Amino acid sequence: MESIYIPLNAIGIGRNAEVVELHGGEMMCKRLMEMGVNKGALIQIIKNDSGLLIIGLGESRFALGRGMAQKVLVVEV
Amino acid sequence: MVSNMNSELVIALAGNPNCGKTSIFNELTGAKQHVGNWPGVTVEKKEGNLKFEGRNITVVDLPGTYSLGAYSEDEVVACNYILKDKPDVVVNVIDSTNIERNLYLTMQLLETGAKVILVLNMMDEANSKNVRINTMELSRLLDVPVIETIATKSQGIKNIIKEAIKISGSGKASSYKIQYGKAIEKEIEILKEVANASATSLGYPSEWTAIKLLENDAYVIKNLQQKDDYNTISTSLQKCMERLMDVIGYEPDAFLIDKRYEAISEFVNKCVKREVVNNESTSDKIDKIITNRWLGMPIFAIMMFLMYQFSITFGNGFLGGIVGDWIGSLGQWLGTTLTSMGAPKLVISFLTDGIIGGVGSVLVFFPMILTMYFLIALLEDSGYMARAAYVMDRLMNAVGLHGKTAVSLIIGGGCNVAGIMSTRTLESKKDRMIAILINPFVSCPARLAVYGVFVAAFFADKKAGIFNLGGIIIFSLYALGIIVAILVGKFLSDKVFKAEESYFVMELPPYRIPTAKGLFIHMWEKSECFIKKMGNVILIVVILVWALSNLPLGVEAGSVDSILGIIGSFIAPIFNLAGFGNWQSAVALITGFAAKEAVVGTLGTIYGVSGDGASLTAAIQQAFTPLSAISFMIMTLLYVPCVATIVAVRKETNSIKWAIIVIVYTCIIGWVLAVAVYQVGRLLGFS
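Order-wise, the sequence lines are chains A and B. Quick note: the first sequence uses my numbering, first residue 1, plus one each step. Quick note: the second sequence uses my numbering, first residue 1, plus one each step.
These are computed hints drawn from the structure, not numbers from a lab. Treat the numbers as computed from the prediction; the structure is a model and nothing was measured. Ideal Cβ placement from N, Cα and C applies to all residues, glycine included. Warning: the hint list may mix true and false statements.
To be verified - Covered stretches of chain B, going by a simulated chain A footprint (3 or more residues, C-beta under 8 Å):
| id | region |
| --- | --- |
| 1 | 55–69 |
| 2 | 99–112 |
| 3 | 253–260 |
| 4 | 281–287 |
| 5 | 385–397 |
Unchecked claim - Looking from chain A toward chain B, a few residues come up when the C-beta cut is under 10 Å (computed):
| id | residue |
| --- | --- |
| 6 | Gly51 |
| 7 | Leu52 |
| 8 | Phe62 |
| 9 | Gly65 |
| 10 | Met68 |
| 11 | Lys71 |
Let's have the full structure, built from the sequences with the hints guiding it.
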């Protein structure tokens, strides 16, 4: 079954998602990837109400701008 | 670097932010640290020394970075140091709980060809989180020594040194190579040939340069552009890129990053066992409250308020009082001793009024500054500071600013220069420029010294409810500084800088109970510059002020007829409208350009030499009213912070123009607000 790609900010709190695509500027993508948000990475949504998201990547936690999260396409797992 | 020449071994510490690198550095070098700047940039450079089995070892703490790209000045500094200064050993500190992400930097360090030691720090936390790492296997796969440490409990530190000594002598750099795949490796070979001459002349290894070219690394490309054969390199790079696009289908730089992560996940699969407990960590639970959309802001405000209350009541009131008494008795003792010895009057005046009166009046505030730095260190080391940026982002966004600007403003509350330097974590140029330009409005401890004197003179023992009125006034001055900063920021954001994509990404380190050692080193590091300033800038200003207030010879010391009085009287009328048009204030504000503490030092000296033994407090009570004291404090808060800050603005914006603009607009804003407060206050019936 083909999963649908959705932006990271559309994933609810407590859910996990796998990164499939990164869009946006070169610098932004590079930075995200170097921090570990790259294809195949498993992301846990810790907080997602308004404003910044908090995402979990393994044991680390990152605050991520909503606009930036919108450019990270994921599938929910 | 002089220190490197007579030392036998140089170790560089590299690692991600929040990996415990600083704790390791502190454990290795103890208090023998030296903080300076990397040449040409304002990135802080920390160096320390230690002796081990008769060998002198220098440890250089590189800036914490996620990678060795051209992403920020920090990364460029770290990268250049490893490639060009060639430390004997690079110790790569890794947060064991986040080994996957931390290994990314390791991959890049290995590519530089340096002798690397892997230090798996925070092993205790990893254990408690059920992360088991097979150290032997990791060491074998990466072909580097791997050491387990718990820096906060001083465990494993000695092994780092032993291993460093071993590898620096007989050891070899790792033979491990990332498998980028045939296509990429072929292109690396081609670029290696083409760029070899230029790379060598820049001090870069040719293979590393080739990889950086494929990564489209802005800094390396910028450097190569200055070489004669850049055209050849660029043409062949373009061809490589085109070929690679055909083969792999997307940008090679992204592909390289993917490959590194592939390699990492292979190591992790082989060496790391994780029992997946998708449990909410304690940090997450705390974050639920601290970053809550309704509670976050009030908690932040309360934290800040308490920080200033505590600094004032404990640091200034209690500790400062003790120091003040000591200095007072020292001055008296010196005065009587010298008089009984028959020393000339001028000498006595120079030592007691000039040096002790001037420098002493600044020294009194050292306990308060220490207290404040201690609390800032506590906020930083515990992990709260990152949350502050998170919480403030919403508010800052509303006025077109970035959340991290809030953190640079708080750090600016410790020192504007440090605050301006901390803006480097802001990704977009626009956000960064604004954060730099508004930082000078934030009260730093040097201004606190000025408030301290005036508050002591007028508001110290008064209460407002259960709170100390002095504390409230100082808190309000801080708030005013921040409000002005935000308004100016909004103006700059709306009118001056063109919109640019701005984004936010920041690590939220887990909450930790800071170690006492770490806190004290952190605090001392920051306050050291205050003591140093006392020894040079303040001392010079104080001597100059004393001399000018006694010249021309024969004039009544510290009177209007002295050179100082003449200069002051010339400028003073500007401040008539603000209520402090006396020449002493004018002179103090001028010397305040050098450093804000000098305002106090100057007043201390002027009133000391002319005084009839009355204290600075008493002299100020005569020369000012409560209202003009407030307007004077506002002026002090807002006009040019100090030469050092202006230099930092100039460096970080890379423009003299902006440095001059900052000088001009801070003076204008300071004057306008001081006048406004004084005049409105008078209308309302205050005096």
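Each hint, compared with the structure:
no.	hint	in the structure
1	55–69	holds (count 3)
2	99–112	holds (count 3)
3	253–260	holds (count 4)
4	281–287	holds (count 4)
5	385–397	holds (count 6)
6	Gly51	5 Å, holds
7	Leu52	5 Å, holds
8	Phe62	6 Å, holds
9	Gly65	3 Å, holds
10	Met68	5 Å, holds
11	Lys71	9 Å, holds
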